[in-house]
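Number of protein chains: 2
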Amino acid sequence: MQTVRIDLGERSYPILIGSGLLDRPAVVAQAVAARDVLVVTNRTVGPLYLDALLRGLEGKRAGSVALEDGEQFKTLDTLSRVLDAMVAQRFNRDACIVALGGGVVGDVAGFAAACYQRGIDFVQVPTTLLAQVDSSVGGKTGVNHPCGKNLIGAFHQPRAVVSDLATLATLPARELRSGLAEVVKYGLIHDADFLAWIESNVAPLLALDLDALTHAVRRSCEIKARIVASDEREQGQRALLNLGHTFGHAIENAMGYGEWLHGEAVGVGMLLAADLSSRLGWIAPADVERVRTLLERIGLPTRAPVIGAQRALELMGMDKKVLAGRLRLVLLRRLGEGVVSGDFAPAALEATLGAHFEARAA
Amino acid sequence: MQTVRIDLGERSYPILIGSGLLDRPAVVAQAVAARDVLVVTNRTVGPLYLDALLRGLEGKRAGSVALEDGEQFKTLDTLSRVLDAMVAQRFNRDACIVALGGGVVGDVAGFAAACYQRGIDFVQVPTTLLAQVDSSVGGKTGVNHPCGKNLIGAFHQPRAVVSDLATLATLPARELRSGLAEVVKYGLIHDADFLAWIESNVAPLLALDLDALTHAVRRSCEIKARIVASDEREQGQRALLNLGHTFGHAIENAMGYGEWLHGEAVGVGMLLAADLSSRLGWIAPADVERVRTLLERIGLPTRAPVIGAQRALELMGMDKKVLAGRLRLVLLRRLGEGVVSGDFAPAALEATLGAHFEARAA
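Chains as they are written, first to last, in this note's numbering: chain A, 1 to 362; chain B, 363 to 724.
What the hints contain is simulated information worked out from the structure, not anything from laboratory work. A few of these clues could be false.
What the hints assert, rightly or not - So these bits of chain B aren't anywhere near chain A, every CB distance computed over 10 Å:
1. Thr365
2. Ala414
3. Asp446
4. Lys502
5. Ala565
6. Met617
7. Ile669
8. Gly670
9. Gly679
10. Arg695
Unchecked claim - Simulated coverage check for chain B against chain A, where a stretch passes if three residues somewhere in it have a Cβ under 8 Å from a Cβ of chain A:
11. 376-383
12. 470-482
13. 504-511
Note that CB positions come from ideal geometry on N, CA and C, so glycine has one too.
Chain A on its own, in the form it takes in the complex (with noise of 0.2 Å):
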């Protein structure tokens, strides 16, 4: 088992990372202190490992809710069964919440934590390679409006992440590939040499390979614990997380959330990106190209949908990351290095839209 901490003075945590973790329930009995338990999982999850969970919990007072399973799920609604289900329990103050899933599972159940009772404890153990890499950690919790994702939630840190790297052999394929878009990301905003060694290693990750996975959570989960350490509440560098989120978002938006998968949406969004900042002549074609291959050979798909330039600019117009009304991206200055910019000639975006969202002649 490795061991990634977050450092974030009184609100540090450590992130276990190791295959096998929720068969050992010392492990699990010592990320959980409290007495009283909420698991909160999904249908897919639940049946396959809160049985391995709750031996951990044993001689806790624990109880379980079953959340349906998808991103279309994320509201306030399954808010509320996991408010009603706290308050069934009569837990209290004392009590934690412990997130038994992927993303959509630990946003909401982070956010119940955050919210009942104005804070309470919480335990993420995170089931998919998304939420492994990234929505586990930081601490950022919510659910989704109608009108845009995340808009409603909390900064709330857990109190330890438990990343049973073993959950991931009954992990679809597809949701493995969108997970190792976020593992591009760090290589792509903060790591030439990761984003090399990625290129390297795509068989074995697709493979399941032990060594090659650790390394890959445990080096993004590094990343993002730097970035996230500097800037918990995103006022800055933080930011550069949401590489290729913007031009996502109003994919996933635009198809409905769950159509794309959220890695999918990102991994256009950053060849997006890559686009944009090759047109600004930060970055060589050729560098756009070095990022289209790696997602072609993870096997995520690199064309957006037509959907219509001007629908995405309103979409990405009405993503949360716009700073007093002026569109600011995460670009790529050099392969390895993101930055948060709003100096971009309009044009230049324009141009990026209407190569990717427009219908292209065959």
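Chain A is fixed; fit chain B onto it per the hints.
Quick look at chain B alone, frame taken from chain A:
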């Protein structure tokens, strides 16, 4: 205009207290720095003061939303309405929510500010005495759950509180009295001299004498400021502010929120806390009578509704101030000194509940 400062490091903020502040646009403009502003009010207060407030926001992009008036509307559904209004205005993270109204408006609007895009600015313009001396100060925000008050919420400090005492001229007398219950609370838990001052100034306070009101609001805020600064997230001392509230919540819950006003329930709750403190030998029976007499002179109820001792206890058990399954209450070591304690014989509590919540011979 007088100013009380809440000292919370980078979350510090001023409480501005005076008569006619809403008619001074410069005061409003200084308190609300943002360019985009949503004013949240209700259908009773809006027609009286919204226009004046909006004059102070001239030159900004300001929208407003009027909630239904009443504690029964302090729900997740109402929160959702405020968030919808923010999205409809396409407001981003730089926007500010201004709460114009009493405690319900402030709690819902503050929680919306805490949640919208994971936290935006927030200014309180309380128009009830209860909100001016209590709920607008200290950063507690939230909504009710069908099973309990304020079970869902966040700590989110405002940027400023603007307390215009002139707004109390339109406050129903019953609500003024209800607010005075919280003023009495500050005397009971922290300041025997202030308690004596209140006893000497019941008539001027009820007549809305400006000097008396200013002193009552200012001193209440000072005491709350000191307690909140020492314990922002209610780990210890801050619980003193809940004198009478655990008993009071049981009354509000049993009778249906809104039937008894919050201050009325808290007033009777303080009397029960005094009764129990007297049974423990901490204060004299004469002290209990002194509390009862003051509440009577203010025009507050001093008889609990006949809901049965057992039912009251159950409702208290659901209260969120239950610590590790053990009931803790705010009691009085003497008049002017509150203490948070779980250290009382259950029989003494039962005697207090029996004496107040059971039917009595005429």
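Hints, one by one, checked against the model:
1. Thr365: B:Thr365 is indeed farther than 10 Å from all Cβ atoms of chain A, at 27 Å.
2. Ala414: holds, 28 Å
3. Asp446: With a cut-off of 10 Å, B:Asp446 comes too close to chain A, as the shortest Cβ separation is near 8 Å.
4. Lys502: For B:Lys502, whose nearest Cβ neighbour in chain A is about 7 Å away, the distance does not exceed 10 Å, so it is violated.
5. Ala565: holds, 38 Å
6. Met617: With a cut-off of 10 Å, B:Met617 remains clear of chain A, as the shortest Cβ separation is near 20 Å.
7. Ile669: The claim stands: B:Ile669 keeps its Cβ more than 10 Å from every Cβ of chain A (closest is about 19 Å).
8. Gly670: holds, 20 Å
9. Gly679: B:Gly679 is in fact no farther than 10 Å from some Cβ atom of chain A, at 8 Å.
10. Arg695: Per Cβ check, B:Arg695 is outside 10 Å of chain A; nearest 24 Å; holds.
11. 376-383: violated (count 0)
12. 470-482: holds (count 6)
13. 504-511: Holds, because 4 residues of the stretch 504-511 of chain B bring their Cβ atoms closer than 8 Å to Cβ atoms of chain A.
Of the numbered hints stated above, those contradicted by the structure are hints 3, 4, 9 and 11, listed in ascending order.
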